[in-house]
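K.L.:
Below, each chain spelled out in residue letters.
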Amino acid sequence: MTVQADPRPPYPTRGVAGPTNPLGMAVFLATDVVTFTLLLVAHVYLRRTSVGPGQGALSVGQELWFSLLLWASSGMLVLADRLSRGGNRQAGWLYLLTALMGAGFLAGQGLEYAHLASQGLAVDRNLFFTGFYTLTGLHGLHILAGLPMLVALGTLALRGGLTAKRAGAQAALSLYWHFVDAVWVVLFLVLYLWKGP
Amino acid sequence: MSAVTRTAAPPSALWKVLASTDHKSIGLTYLGVGALFFLLGGVEALFMRTQLAVPNNTFLLPQTYNAVFTLHGTTMIFLAVMPMLFGFSNYLLPLQIGAREVAFPRLNAFSLWITVFGGLLMYLSAFVGLPNAGWFSYAPLSERPFSMSLGQDFWAVSLLLVGVGSSLTALNLLVTTLRYRAPGMALRQLPLFTWMVFVNSVIILFAIPALNAALLMLEVDRALHGLFFSGAGTVGGGSAVLWQHYFWLFGHPEVYIMILPAWGIISEVIPTFSRKPIFGYDFVAGSTVAIAFLSFAVYAHHMFAVGLGWPVNLAFSASTMIIAIPTGIKVFNWVATLWKGSIRLTVPMMYAIAFLVQFTLGGVSGVSFAALPLDWETTDSYYVVAHFHYVLMGGTLFALLSGLHFYFPKMVGRMMSDTLGKVSFWFTVLGFNGVFLVQHALGFMGMPRRVYTYPDLPGWGALNLISSLSAGVLALGLTLTLWNIVRSWRHGQIAGDNPWRAWTLEWWASSPPAEHNFTALPPIRSRRPLWDLYHPDDADYNRPRRHDKENGAIRPEESDHA
Numbered sequence: 001m002t003v004q005a006d007p008r009p010p011y012p013t014r015g016v017a018g019p020t021n022p023l024g025m026a027v028f029l030a031t032d033v034v035t036f037t038l039l040l041v042a043h044v045y046l047r048r049t050s051v052g053p054g055q056g057a058l059s060v061g062q063e064l065w066f067s068l069l070l071w072a073s074s075g076m077l078v079l080a081d082r083l084s085r086g087g088n089r090q091a092g093w094l095y096l097l098t099a100l101m102g103a104g105f106l107a108g109q110g111l112e113y114a115h116l117a118s119q120g121l122a123v124d125r126n127l128f129f130t131g132f133y134t135l136t137g138l139h140g141l142h143i144l145a146g147l148p149m150l151v152a153l154g155t156l157a158l159r160g161g162l163t164a165k166r167a168g169a170q171a172a173l174s175l176y177w178h179f180v181d182a183v184w185v186v187l188f189l190v191l192y193l194w195k196g197p
Numbered sequence: 001m002s003a004v005t006r007t008a009a010p011p012s013a014l015w016k017v018l019a020s021t022d023h024k025s026i027g028l029t030y031l032g033v034g035a036l037f038f039l040l041g042g043v044e045a046l047f048m049r050t051q052l053a054v055p056n057n058t059f060l061l062p063q064t065y066n067a068v069f070t071l072h073g074t075t076m077i078f079l080a081v082m083p084m085l086f087g088f089s090n091y092l093l094p095l096q097i098g099a100r101e102v103a104f105p106r107l108n109a110f111s112l113w114i115t116v117f118g119g120l121l122m123y124l125s126a127f128v129g130l131p132n133a134g135w136f137s138y139a140p141l142s143e144r145p146f147s148m149s150l151g152q153d154f155w156a157v158s159l160l161l162v163g164v165g166s167s168l169t170a171l172n173l174l175v176t177t178l179r180y181r182a183p184g185m186a187l188r189q190l191p192l193f194t195w196m197v198f199v200n201s202v203i204i205l206f207a208i209p210a211l212n213a214a215l216l217m218l219e220v221d222r223a224l225h226g227l228f229f230s231g232a233g234t235v236g237g238g239s240a241v242l243w244q245h246y247f248w249l250f251g252h253p254e255v256y257i258m259i260l261p262a263w264g265i266i267s268e269v270i271p272t273f274s275r276k277p278i279f280g281y282d283f284v285a286g287s288t289v290a291i292a293f294l295s296f297a298v299y300a301h302h303m304f305a306v307g308l309g310w311p312v313n314l315a316f317s318a319s320t321m322i323i324a325i326p327t328g329i330k331v332f333n334w335v336a337t338l339w340k341g342s343i344r345l346t347v348p349m350m351y352a353i354a355f356l357v358q359f360t361l362g363g364v365s366g367v368s369f370a371a372l373p374l375d376w377e378t379t380d381s382y383y384v385v386a387h388f389h390y391v392l393m394g395g396t397l398f399a400l401l402s403g404l405h406f407y408f409p410k411m412v413g414r415m416m417s418d419t420l421g422k423v424s425f426w427f428t429v430l431g432f433n434g435v436f437l438v439q440h441a442l443g444f445m446g447m448p449r450r451v452y453t454y455p456d457l458p459g460w461g462a463l464n465l466i467s468s469l470s471a472g473v474l475a476l477g478l479t480l481t482l483w484n485i486v487r488s489w490r491h492g493q494i495a496g497d498n499p500w501r502a503w504t505l506e507w508w509a510s511s512p513p514a515e516h517n518f519t520a521l522p523p524i525r526s527r528r529p530l531w532d533l534y535h536p537d538d539a540d541y542n543r544p545r546r547h548d549k550e551n552g553a554i555r556p557e558e559s560d561h562a
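Those sequence lines, one after another, are chains A and B. Numbering follows the numbering used here, in which position 9 of the first sequence is assigned residue number 9; successive positions increment by one, without gaps. Numbering follows the numbering used here, in which position 514 of the second sequence is assigned residue number 514; successive positions increment by one, without gaps.
Only chain A is shown next, with the shape it has when bound in the complex (with noise of 0.2 Å):
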């Protein structure tokens, strides 16, 4: 018995129900939700036990503006994306600015780490200095990385390279550095606003 095959055209390997990029993205950030959960309980957890100085010992005020910066550059990076959008080159100015901010935010957290070092207080200081550099350095770890990330799509915006090929790309990034502010918007509530269990 000899059957053919129903012959369709070659069935279509790409796009066949919206872009891959941002699905993958958050499929990614739900891992690293898990990640900074546990490192989060972990920290609340231990810290009951902390000996010693702790939250008290934090820059509050100055971190509040850094914070705010760093949440603003999410309000830039939904400008830019608008304006790449409507097909405007000149996005690529704020995909700079917004990494700009972001840098911004890091020197804040080095201040705050060379403040603290200066008092004496590591990450082997007690629980909650433990807990607080592995959090903050983690999260800064991810600014970092969005940095040359925002950079390239800065420069690729500017000579007008971000194609509709590129589109899903983008909107994975864009996911990605929001995600990393709301990150932070729990971590600067937890780590010095509340004042633990």
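Think of the hints as simulated: they come from the structure by calculation, not from any bench. Here a beta-carbon is modelled for each residue, glycine too, at the ideal position from N, C-alpha and C. Please note: incorrect hints may appear among the correct ones.
So the derived label-pair ranges between C-beta atoms look like this [said to hold, decoys possible]: (1) B:Q63 x A:A117: 35 to 41 Å; (2) A:L147 x B:V335: 54 to 60 Å; (3) A:A117 x B:T453: 46 to 52 Å; (4) B:A13 x A:P148: 33 to 39 Å; (5) A:L106 x B:A19: 51 to 57 Å; (6) A:G52 x B:V17: 53 to 59 Å.
Keeping the supplied structure of chain A fixed, place chain B upon it in accordance with the hints.
P.N.:
Only chain B this time, still in chain A's reference frame:
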């Protein structure tokens, strides 16, 4: 200036493998890498069995023995079994859903190579002192000052790298399944292997981050003198039990990560060689989802000896009993698929049936741990060793061997030798049961695991000798399988596209599949598109329920294997 004509040399075969982003090439490389590490882990096992063959043996130093069992466990789980499962997943999932590629081919190559580098890093620790705190590296043993060697840090970083590879592979497979299914293939029509890999991806994506968090905390402790797990019990000290919580929050789902794709292979092999569709597809598929949730809800049954308190122990005891139900449902479905089927005992089918028996035995001993008094009595004994080897070796490895013989014709285009396959099957099955069946008894007789030697107590020497000698038989069986692969690669019978008369899309592609898998697809209107194609008068979409009352099973014309 004269024009220079450049002719690029054709890329060598090795370069093709190294630079490939093709899911089939990556899948095969995963299988090869996994097999190499399996060989390493196997040699380590033989070292252990040699040391334990007789009482008071001095073949290995205590410290060396600790390093060997640490490497054996870590290698088998992260560098052998998971890569081999990813090999099958990578190779088969796009084919089964009628796609040309995975969603992110370059990411796929990245996952493969970061896994390979992670594996190399693990073994590079030989130069700085091997890790020897066990595969679950309990704190504070894994902390300074108890493990001063850098090898422990190599271990942690290696697992972080491998974990990144695993997570990204899972991400890739998940997105591929969601986005790249052929027209007409609903989620509920996925072949069961793809369904299991799909659900498994979700488990991986939620479990691996728990390990990553734990490893990160461990490294903060070791490298930066953090306090997460150290100084437990002192004022301002961390919590060693916290490591156990996070590790097993990863570690128990990990057990299911290693068995779900294996169930998928079994769910493809048993129907094919019974000439029946799987019995109760919805229950097999649904129970997998139940297990995905429950796998996280049972983790603290690894910690019954910690003293977590009655409410906690009872809750995890109950959840452990509950997870046996969806697992049992699967076993019943496979048996019901065999029932009144037209069974042909090919090599893949023999491995699948051995899987059924051994996995069930491992499952029964597994659920016995839910009874707290029994767990307390047998924890850290050889009974535990016997249990998880029945599940992971008697289960997963046998499923992998079944899959190897089943899919080799598709991957290579040639059949594996049937005679050699059957001979090696019997060596493997006898060897495996010889090694581990007696270990149940040793455990009940009180022999603890992770000891480099033991006193000459009544019966211990004899049972250990049986176990060690059987390890040789097992090694012989597996070596014969390796020989079968090597020989059949060049000299096997030409297989043709669908040598087993199976019904899913991977058998529609040529053997081995063309670079872009398909040029055309049959219409997909049920779970068995190729059955429908060859039997338009009796298609599945007209008669979906084939386990009907009057025949109890199948009609005569369906029993045709040829």
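K.L.:
Evaluate each hint against the coordinates.
P.N.:
Each hint, compared with the structure:
Our hint of 35 to 41 Å for Q63 (chain B) and A117 (chain A) holds, since their Cβ atoms are close to 39 Å apart. Distance hint for L147 (chain A) and V335 (chain B): a CB-CB separation of about 57 Å, consistent with the stated range 54 to 60 Å. Separated by about 50 Å at the C-beta atoms, A117 (chain A) and T453 (chain B) satisfy the suggested range of 46 to 52 Å. Checked against the hint of 33 to 39 Å, the C-beta distance between A13 (chain B) and P148 (chain A) comes to roughly 35 Å, which is consistent with it.
Judged by the Cβ atoms, the range 51 to 57 Å given for L106 (chain A) and A19 (chain B) is violated: they are separated by roughly 36 Å. Distance hint for G52 (chain A) and V17 (chain B): a CB-CB separation of about 55 Å, consistent with the stated range 53 to 59 Å.
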